[in-house]
Amino acid sequence: MTASKLSNFPQIWELLKKEYPDPQPALHFKNPLELLVATILSAQSTDVQINKVTSELFKKYRSVFDYADADISELEKDIYSTGFYRNKAKHLQQSARVIIEDFGGEVPSKMEDLLKLPGVARKTANIVLARGFGVKAGIAVDTHVKRLATRLGFTENKDPVKIEKDLMELVDRNEWDDFSLTLILHGRNVCFARKPACGQCVVHHLCPSSINPISKQL
DNA sequence: CTCCCGATAT
DNA sequence: ATATCAGGAG
Numbered sequence: 001m002t003a004s005k006l007s008n009f010p011q012i013w014e015l016l017k018k019e020y021p022d023p024q025p026a027l028h029f030k031n032p033l034e035l036l037v038a039t040i041l042s043a044q045s046t047d048v049q050i051n052k053v054t055s056e057l058f059k060k061y062r063s064v065f066d067y068a069d070a071d072i073s074e075l076e077k078d079i080y081s082t083g084f085y086r087n088k089a090k091h092l093q094q095s096a097r098v099i100i101e102d103f104g105g106e107v108p109s110k111m112e113d114l115l116k117l118p119g120v121a122r123k124t125a126n127i128v129l130a131r132g133f134g135v136k137a138g139i140a141v142d143t144h145v146k147r148l149a150t151r152l153g154f155t156e157n158k159d160p161v162k163i164e165k166d167l168m169e170l171v172d173r174n175e176w177d178d179f180s181l182t183l184i185l186h187g188r189n190v191c192f193a194r195k196p197a198c199g200q201c202v203v204h205h206l207c208p209s210s211i212n213p214i215s216k217q218l
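Going by full-length UniProt numbering, the first residue of the first sequence is number 1, and it counts up by one from there.
Since the hints were derived computationally from the structure, they do not count as laboratory data.
Source: prediction; values computed, not measured.
Take the hints with a grain of salt, since some may be wrong.
[What the hints assert, rightly or not] Per label pair, the in silico range of CB-to-CB distance:
no., residue 1, residue 2, range
1, Glu56, Gln94, 17 to 25 Å
2, Asn87, Asn174, 30 to 38 Å
3, Lys162, Gln24, 23 to 31 Å
4, Lys136, Asp71, 21 to 29 Å
5, Lys59, Lys18, 33 to 41 Å
6, Leu115, Leu170, 19 to 27 Å
7, Gly199, Lys136, 33 to 41 Å
8, Asp102, Phe192, 17 to 25 Å
9, Leu115, Lys59, 24 to 32 Å
Cβ coordinates follow ideal geometry from the N, Cα and C atoms, glycine included.
Using the sequences and the hints given, assemble the complete structure.
Structure, rendered in structure tokens:
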């Protein structure tokens, strides 16, 4: 929590906003249920892979009852290529049953309720709340947000919940959702996990982790 | 902390 | 062959 590193935040965020105006989610969905399902499936997978699976899945499973009553091994096959398919199938079915039994069959729109669904923690809940219901409950911290927030010096914490808290203090509440999406886009396009392309980064001169030694000074 | 796990890029 | 991907549960 050193003030020197955090001081770059306003400039970095302004430049990233200019680089990614109107960032949009990559997952395809038409309603809160589809968003919830796609986000549960997205764990440790790519959105390209998830969209490939959900384009068929959403034709077959149209309501929470379709998931609740599904044959579990059939559901596992239907989501197989997303990875972690046993856990995810179980989570989808059990979440659907909780939604039916405790929430009147409607995907809940409160953080407290979403966290009662198996397979849903803060990252997934934040996405569903922000994009599904327009509720600003927090900032979705996924692997990209975690990596970039650390590299850019926005946090020194490693626990996603603590990182989220740090970010919520830095970012204006109205920009929470855009902030997540922007960091994800920049992480996918430039600030790669393995070999960040600092030479192509619009904020490399402000980044404490920039690999380019020339532009780090001044 | 470990485990879950397939698809893709390097 | 290994690292990584809109993570979460036990």
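> Against the structure shown, which of the earlier numbered hints fail to hold, in ascending order?
Replying inline: 4, 8
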